[in-house]
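Trainee: Listed below are the residues making up each chain.
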Amino acid sequence: MSLRGSAQWIAAILAGLGLACLVVRWNTRRQVVLGQDDTLWRITYQARFQATRAGAKLRVSIPSDTPSARVYRQDVLYTGLSAERLRSGRTMAREMLLVAAAPGQHTVTGRFDVHLSPAGRWKTAQADSALTPQERDEALRATAAYPLDNPAIQETLASLKEGLPAGAEPARRIFEFCSSQISAGGGDAPHDAVTAIRQRYASPLGRARAMVALCRAGKVPARLLTGFAVLEAERLELRFCVEARVGGRWVPYDPARALSGQLPHNFVPVRRDGAEVVRGTDIAALETSFHIARLPAGPGASRLGHGHWLGIFDLTRLPLEMHDLLAVVLLLPLGALVTAFFRTVVGLRTFGTFTPTLLALSFVYADLFTGLLTLGAVLAIGLTSRAWLDRLKLLLVPRLSVMLTLVVLSIVLLVSVLDYVGLTPSAQAVILPMVILTMMIERFYLTAEEDSPAFAAQLLGTTLIVGACCYGILRWEAVGRFVFAFPEVHLLTVAALILLGRYSGYRLNELWRFGDVARPKE
Amino acid sequence: MGPLSWLWAARPRDLRRAGILGMNRRNGHYILPRNPRRHYPRVDDKLITKRICEAHGIAVPRTYWVVERLGDIPQLATELRQYADFVIKPSRGAEGRGIVVVARHDGQSYTTSGGQTLTAGDLRYHLENVLSGLYSLGGQLDRAIVEQRIVPHEAFAHIAVDGTPDVRIILYRGVPVMAMVRLPTRASRGKANLHQGAVAAAVDLRTGRTFGGVCRDRAVSAHPDTRRPVAGVQVPSWPRVIDAAMKLAEALEMGYVGVDFVLDAQLGPVVLEANARPGLAIQIANRQGLLPRLAYIDSAGPGELTRQRRMELLDSLPGLG
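Here the protein sequences line up with chains A and B, keeping their order. Oh and the first sequence: position 108 is 108 in the working numbering, straight run, nothing missing. Oh and the second sequence: position 85 is 85 in the working numbering, straight run, nothing missing.
Hints are not guaranteed to be accurate.
Covered by chain A, per the in silico footprint, the following chain B stretches (three or more residues, Cβ under 8 angstroms) [to be verified]: (1) 12 to 22; (2) 34 to 43; (3) 211 to 220.
Cβ pair distances, simulated, as ranges [to be verified]: (4) His195/B to Pro103/A: 46 to 56 angstroms; (5) Ala231/B to Ala340/A: 37 to 47 angstroms; (6) Val435/A to Arg227/B: 43 to 53 angstroms; (7) Gln8/A to Asp72/B: 44 to 54 angstroms; (8) Gln308/B to Gly352/A: 20 to 30 angstroms; (9) Pro12/B to Asp390/A: 36 to 46 angstroms; (10) Ala295/B to Val412/A: 56 to 66 angstroms; (11) Leu395/A to Glu154/B: 37 to 47 angstroms; (12) Ala454/A to Arg209/B: 27 to 37 angstroms.
Hints were generated in silico from the structure; no laboratory data involved. All values derive from a computational prediction rather than experimental measurement. Glycine is no exception: its CB is placed at the ideal position from the N, C-alpha and C atoms.
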């Protein structure tokens, strides 16, 4: 078989294999057989607010995982805002920060799909991990919500500690007091700890705050735990529980429902040490509502338990924080495919093979305006300093290293300047590929010197055009999500690359280049 | 055909009909299968090419000095004191990058063929850059060759400006298939590189006379600076050029190769370098495609071609005047 024939066969086999995997997995994922008693739910947040100035910030706490609940998909929709990436701290609380570009009315919608499994089969961060001094301080701190020196708190604590052996923790007695001695009130009942303790009457939030205040006053680290109980309901109400550090671990309590030690499997925590799930600075007229709906079994919900080796192929089982990153990484081969297409079929030359793709990748993480401004400025600073460096007659490697340092400094300073003059809603990290940029500046300079500035500018232009196309692909969220769910589609990418690698037809630019020779003479 | 006809693209079938070899086909059908990777150093490293030429009795510019290490550079003045003029080139350079032609010097200041004056420090810095791999393929560490400066043959004096013209012959399976002469212009800053604006004229493989002409991928008939016709000029010692090219292609064991010659006033044709990925503009200069000639040679069968068979194929190549 000829080389060309075998390459086509291999491409066909890879494409067939990729399509077969895709079809099989697509069908199995659509007919996900959930574990017994497992259910899927969609929690929806709606938030409307008025930004009073540009740079107003909105913080949105996001449902987090428990052994019985796993958030397997997340969409946050907004306009006129820029978002910092999902982040999670030691407490495993997830949070998103949205920044308004201009004052005015804004709407944010968050959709979170949750897989509930009463069997509790997911591993999560351990509740008994060691407490850092900082965490301990925070969980014992007196605040406006927890005025620990208030006489009502101190007197109640003293009476609860009566008869308690020395050194024994009062958490259990405090919990019993808050769940049985403070009577339950509705939304109009007091929400604050002191009134709840004085009047022995409070809302669920007031009872939970009373427990946190009494625990902290009794030197037991405690914090409010806000979340949702996932169940069929018209509107989803927040639930307020308490986590107290007892016996070296965080023990959950729900004073409103007299539950301790373990919360119901359908409780999904959203925020620790705070009651508001959506809050912000420089905002007004904030309205939030939460809704819930049950979902049919579908893609993303994991069928296999943790530990089953076939789970390796299901990337959606990975923590949500990794989804965005891996989705972008998985789009890189498509960027390479675009570059290969431009070079092989169109005939565009670029500075470096993967420079366009890597530039595009860095822009995915940056605000486009900030990114372009920084790129332009870095190129200008880089080329000026490269011309200046030429006079010093430095050896290649030290010279490139000086250039790299200047590029790094330019990027960092520019981000700082942009933030200072308020040109960008937030000084989001513009981590342009610095080594690639350094090499590009060096090549641009040499090409301009040895060929012509026009030719160097042409190469820069084609690099940016190909980069812009790669950027379009990398920003395509739907494609990213699809490739993340079905990474086997890259067998098709490899097949396409093999076919491109064996493409022997004319490049588009050759139709012009050889036009004079090839056009039929009249 | 109007004056702006070049604005319109040809159709792929027009290119196929004209037998134009495209970049993808050149790479996939000729270079990849015919040029073994292990032999690339023979063409990519000019020192190795020179040694092969010397071993086969093919004329090359005389080597004055090879700078292997940074530590050699301080001896620049001592090593080159005895030579009135010389050329510095990176051993693994591409597209003529990093070449400095020194026309005269006094050991302190060096004047290039383009009239630029360089200090000894400038020259040392240039050598350091060459050794660091600034001009080498893939940025690998390199060596610098200091060699005899070619005094261009007067045959092309009226159509070469500020530099030395060269002759390129493309050989397929050891048979010369197309040739051109590249003529420097002011736009190309004295370099015989077509993408920098040099002019090319086709060379008739049988007679060694120039015809046609191309500049920046467009057909031209006169040199843009001197306005003299580029066609009808005889390349001196043409049979020697053809003979040396065939010998070198055989020695390099590369199936698809370009060999570049310069014509020295005293030595005649000398090999400047060989190229495993010769460009395709030669087709525009010849106003003919390469494909019919390559296919004709392939029709001779897959086995190795004897010298005599190659000469026969050369004589009967399609499209020759």
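Trainee: Determine for every hint whether it applies to the structure shown.
Mentor: Here's how the hints hold up against the structure:
| no. | hint | result |
| --- | --- | --- |
| 1 | 12 to 22 | holds (count 7) |
| 2 | 34 to 43 | violated (count 0) |
| 3 | 211 to 220 | holds (count 3) |
| 4 | His195/B to Pro103/A: 46 to 56 angstroms | holds, 54 angstroms |
| 5 | Ala231/B to Ala340/A: 37 to 47 angstroms | holds, 40 angstroms |
| 6 | Val435/A to Arg227/B: 43 to 53 angstroms | holds, 48 angstroms |
| 7 | Gln8/A to Asp72/B: 44 to 54 angstroms | holds, 52 angstroms |
| 8 | Gln308/B to Gly352/A: 20 to 30 angstroms | violated, 47 angstroms |
| 9 | Pro12/B to Asp390/A: 36 to 46 angstroms | holds, 44 angstroms |
| 10 | Ala295/B to Val412/A: 56 to 66 angstroms | holds, 59 angstroms |
| 11 | Leu395/A to Glu154/B: 37 to 47 angstroms | holds, 42 angstroms |
| 12 | Ala454/A to Arg209/B: 27 to 37 angstroms | holds, 34 angstroms |
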